[in-house]
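Protein chains in written order, with this note's numbering: chain A, 1 to 152; chain H, 1 to 790; chain W, 1 to 291.
Honestly, the hints are just simulated from the structure, not real lab data. Each hint should be verified, as a subset may be incorrect.
[Unchecked claim] No farther apart than 25 Å at their CA atoms in a straight line, the calculated lysine to any residue pairs in the SDA-like style are these:
| hint | chain 1 | residue 1 | chain 2 | residue 2 |
| --- | --- | --- | --- | --- |
| 1 | H | LYS453 | H | GLU75 |
| 2 | W | LYS40 | A | ALA148 |
| 3 | H | LYS448 | W | ALA266 |
| 4 | W | LYS239 | W | GLY289 |
| 5 | H | LYS784 | W | GLU157 |
| 6 | W | LYS5 | A | ASP29 |
| 7 | W | LYS5 | W | LYS239 |
| 8 | H | LYS12 | A | ASP29 |
| 9 | H | LYS725 | A | LYS55 |
| 10 | W | LYS212 | W | GLU157 |
| 11 | W | LYS40 | A | LYS144 |
| 12 | A | LYS55 | H | GLU75 |
| 13 | H | LYS155 | H | GLU75 |
| 14 | A | LYS144 | H | LYS155 |
| 15 | H | LYS653 | W | THR259 |
| 16 | W | LYS5 | A | ASN151 |
| 17 | H | LYS354 | H | ILE728 |
| 18 | H | LYS60 | H | SER13 |
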Amino acid sequence: MEVLSLTVNGEDIEAEIHPGTTLQKFLHDTLGLTGTKEGCGEGLCGACTVMIDGKAVKSCIILALQAQGKNIRTIEGLANGEVLDAVQESFMENGAFQCGYCTPGMIMASKSFLDETQNPTETDIRHALSGNLCRCTGYHKIVKAVLAASNK
Amino acid sequence: MGDTKEYKYIGKSERNVNGIEKVTGAAKYCSDMEMARMLYGKVKRSHYPHARILSIDISKAKQLPGVKTVIVGDEKTCPNRFGAGVADEYVLAREKVLFVGDAVAAVAAETEEIAQKAVDLIEVEYEELPPVFDGDEAFSRNPPAVLHEGLKTYKTIRSVPPRYDENRPNVFNYFRIRRNDVEQGFKEADIVFENRFQVAMIHHSQMEPHCGIAKVDGSGRLTVWGTSSKPYGMHRDIAESRNLPSSAVRVIIPTHVGGSFGGREPKAEQIAASLALAQEGHPKRPVKVRFTREEQLTTTTTRARYIVDIKTGVKKDGAIVANEMRTILVGGAYAGTGYLTARNGSFGPAANYKISNFSLDAYGVYTNQRMAGAFRGFGNAETLWALESQIDMLAEALNIDRLAFRLMNCPVEGDINAFGESMHSVGAKECLEAAARDIEWGKKSEPKEPHLKIGKGIALGNKYSIVPTASAAIVKVHPDGLIELRTSTVELGQGSNTIFSQMIAEEFNVPVSMVRVLNPDTDLTPFDLGTASSRSTFNMGNAIRKACKDVKQQMFELAAKELGSAADELDTEDSRIFIKGSPEKSLHVSELFIPMVIGGYTLKEGAEILGKATFYLPGITPDPETGHSERPASFYMFVAQAAEVEVDTQTGKVRVLKMVTANDCGKAINPMMVEGQQDGGVLSMGIGSALLEEVITDNGVMLNPQFADYKIPTTLDCPDLDNYKTAIIETAHREGPWGAKGVGEGTMVSSAPAIANAIYDAIGIRFHEIPITPEKVLTALKEKNKERLD
Amino acid sequence: MEDFKYFAASDVKQACALLAQYGEEAKVLSGGQTLVNMMKQNLVMPSYLVDIKGLSDISYIRYDGEAGLCVGSLTSHRTLEQSNIVKEKYPMLAEMELNLASVAVRNWGTVGGNLCSADPASDLAPCLMALGAELTLVCQDGERMILLEDFIVDSFETSIKPNEILTQIRIPAKAPKSGGSHIKFARRATDLGIVVVSSYLTLDDTVPGRCKDIRIALGSIDPSPRRYKNAEDCVKCQKISDPIIEKAAQAVFEDCQPTSDINGSADYKREVAKVMVRRSVKMAAARAGAC
């Protein structure tokens, strides 16, 4: 067992974990932050996307211990109390989700990208989200939503 | 045409009523649910495609610390076979395994890791048997393997009984349509084409892998949670496969399910139920069985391979005089949904065009693969792949524009289809015209480089919705004015909760936020046939309206007493009931209730303001010899799609530059959600099935069981925002709620042929199989060049 | 995942000490975008894991006219992709990174980790080989340099010793009149390539349109990424023309050793390799200034 100390959505956490625990399992199973989902377990679908120090990463292929001392942000940490983040609001406005399973990962990837990119083009957005698979939407309204949020 | 009346909530793109949970991560899916003292289940699976089980040794597995239950297929765990149409499967295989991945045993343990280790310790001895994979071979009179020797002894469903074939032992269903005389038609034809078309096996790839949780409570009653799209179907399967009385089982589907597209057979749920029931001692612990992505892709139901032989005759003036088809749904080891898909895949060709002489023989056959059947389109995408490719070829042979040819032959209101049915609500022409307009049919684009070729294609399609069908709804008005809806329609992402809320909002004149939709729970929500066949808007919508009528009747009768009027003089808005014409004479819904000492509110009579209704549509069973019926389906959704593609003639790679879709859905209750269905159908599954997706197997083993190799489209594989257009064609249905029909099932039945027809336009090569991979294209181009040089 | 003992190294020296101690039974973890996946599937089961992701002093991008581009091995793919100096001097490197997996993988994965994994389908390796990359390997006993093309020996196998850490990748300074092109041919942009072609060409200073030097490297089509010297010899010291480029493409067609698998038959891959070499060399030549 190893001790893991990190900050998750602004809260300092300390826990004892098996070294083989992935960040996704730690967030989902140990902390109960179920927004960060396992969709494939191999880093291919993006349902597990969270931010480490503001950068989007695939938490299912990262060992939780690598988040030692870092700032993690999950979907649960995006809204400001009752106020949705601009990306969340845009997803609602544009109907950019259906079943919603890929949505937390999709929003985290979008948010991280928009935070570091000024005036993205549609192509930029598609590249930013190419690692997030969705089966319901064909990405059309997702791209629209992110483009709309980028203008805010 | 469409209903042009303006409504307050109907026809508006209201926001998803479950949206906040989804965008904030609060939404709990089955795989997110945790319960105290939960056990985790894993499955032991066959690695042979066909074998007799000689022995199963579970002793080492049972001894592993942390293991609580180990089960095998036997009289105790699964006494009865079950199945959607023919009861041919056990929860765990007994005596024989019939596909690579067939479940033979299961373990429940403290953690998934321990359960998996225990599974690996289970030793199974098999005697291999020769398998059959090829559709033609399986279909033959003397196949290399017969999967179900006892087929004729299996129970079958009464409402749509199967038809077997005396001479073909692997056939699990047969259906035929005969209209007039195809032989005569072919004699009259000026041109006759005969071709074979096939589709590869593809997987739904829902983002949430299958999951089931089962718990036996203190009284011995079993509750199962899952991702199934048919809670009552799942309920029946769980009860009947175990000789449990129906009331001993409760099925709950969470509000949030990660997609279905026709593929949510309750495989995980059944295993969880068996593990939960097999526990010894008390209290019994809940068991969760969560499939991995690989398990989902390799063992759960797929869209079947299809073999379609089609012969079509046309006259010089463009009339289609004869169409003869034989369709074989190459199913899996258990018929599952393939049972009905094989039969109902025939509806598409039967309804697509005016064809004076029509003959179709539809078969479903067993092979040693996992179950195959229902997938968005339910066999119609597969059969229309063949028809729409052939139609394109015939148009060219006749020297008639491919759009014009379709327009001259597509049906209109009142036309008789191959079932002998007079069709109502037919938006075929409007769909074709809209798609043609949006793709700019007739306008040619210039390729950027000499090795790139560009072409356009168009395709017409349709999808029926099932009969017989029943949907029941219960509507309750709470003392605070909230209106609660209880149905067993599953919110899969299609937006049923939202449109039902809109319907109730419209009926009661309340904001959508005053409506709450419960998730399916067989203890609380009444019967529904299932969330499939694009049937919910129409059927459940009608049930809801009827239930609302029942509620309003009760409300108005109660209010009439208070307001001193007759019930039929009353109306309601914003939770107030008022006299029509004198709105100042009103009361709030809460005033119908009396507060009681100790707490709570009651009605003096009748217990609750609770309305209930069933919407039942029997249809008319097709004649077994001709398939004829005046109502073989509840309604038809027409669709036309067009594509512009670019082919790289040096690598064979095809890029979809532009794609458009026009869908006839009747009144669009929520246009944004209709678009959502169109988007997913075209951009994900349409493009995916045409160009990228294929379950690749070798001796029954899937070679690409992960998203690296099972290729669904990513953001970079779809046309960009400006190059994708949707049109909603609202051809009202006289029986649909506000004229609505449905949309989801029909969103990809034209996609593959539209793309293939565009490829033909670009490079003059006709592909008879999908997916159309770059290698197939390059090989065909080389062949073509070779022929030209020879 | 099987159990293992985890160490987070605080600096290169400590990392080398740990590797010296645990040797063959240890694996080095940087971004883990390949390694963690393999460990989850029990394809790799180290008893010791030495996490070097925290060694920020081997995460850097420096350029000068003498040494060229020096990239610390822990530099993330994304940093390389977005680096202005990389975009300016070696655009093919930035373009390659843009199409490597996806942003989230590039954010955490490192260039050193990618090279040490030696995935035959790596996008990075052929690109760096074409650019003439040289690696620095460090252990307790000292350091050594090795060309990337000599470092990768086989499928998932490099010549790294169990006690060594890759610390730096160096690409020679950009010569005037040079240009490169990296093309990945894949079914989807996020896929590993079916064929990956990288070429880097330098024109002669005096004779216009003549190739002074060229490196052509392919990935995905052989057991490991490698240079194609036969193809290079077709173009080297020649005046660049379509027929000359065609010779190089044909040389690759004949030399490569693809295997048939679910991504395509060997014949198809060979055919596509030829097309990609043609396109890549043509583009490299155009960028170098040969018109």
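Here is how each hint holds up against the structure:
{"no.": "1", "hint": "H/LYS453 / H/GLU75", "in the structure": "62 Å, violated"}
{"no.": "2", "hint": "W/LYS40 / A/ALA148", "in the structure": "38 Å, violated"}
{"no.": "3", "hint": "H/LYS448 / W/ALA266", "in the structure": "29 Å, violated"}
{"no.": "4", "hint": "W/LYS239 / W/GLY289", "in the structure": "13 Å, holds"}
{"no.": "5", "hint": "H/LYS784 / W/GLU157", "in the structure": "43 Å, violated"}
{"no.": "6", "hint": "W/LYS5 / A/ASP29", "in the structure": "22 Å, holds"}
{"no.": "7", "hint": "W/LYS5 / W/LYS239", "in the structure": "58 Å, violated"}
{"no.": "8", "hint": "H/LYS12 / A/ASP29", "in the structure": "39 Å, violated"}
{"no.": "9", "hint": "H/LYS725 / A/LYS55", "in the structure": "34 Å, violated"}
{"no.": "10", "hint": "W/LYS212 / W/GLU157", "in the structure": "32 Å, violated"}
{"no.": "11", "hint": "W/LYS40 / A/LYS144", "in the structure": "36 Å, violated"}
{"no.": "12", "hint": "A/LYS55 / H/GLU75", "in the structure": "54 Å, violated"}
{"no.": "13", "hint": "H/LYS155 / H/GLU75", "in the structure": "17 Å, holds"}
{"no.": "14", "hint": "A/LYS144 / H/LYS155", "in the structure": "51 Å, violated"}
{"no.": "15", "hint": "H/LYS653 / W/THR259", "in the structure": "20 Å, holds"}
{"no.": "16", "hint": "W/LYS5 / A/ASN151", "in the structure": "48 Å, violated"}
{"no.": "17", "hint": "H/LYS354 / H/ILE728", "in the structure": "24 Å, holds"}
{"no.": "18", "hint": "H/LYS60 / H/SER13", "in the structure": "58 Å, violated"}
Of the numbered hints stated above, those contradicted by the structure are hints 1, 2, 3, 5, 7, 8, 9, 10, 11, 12, 14, 16, 18, listed in ascending order.
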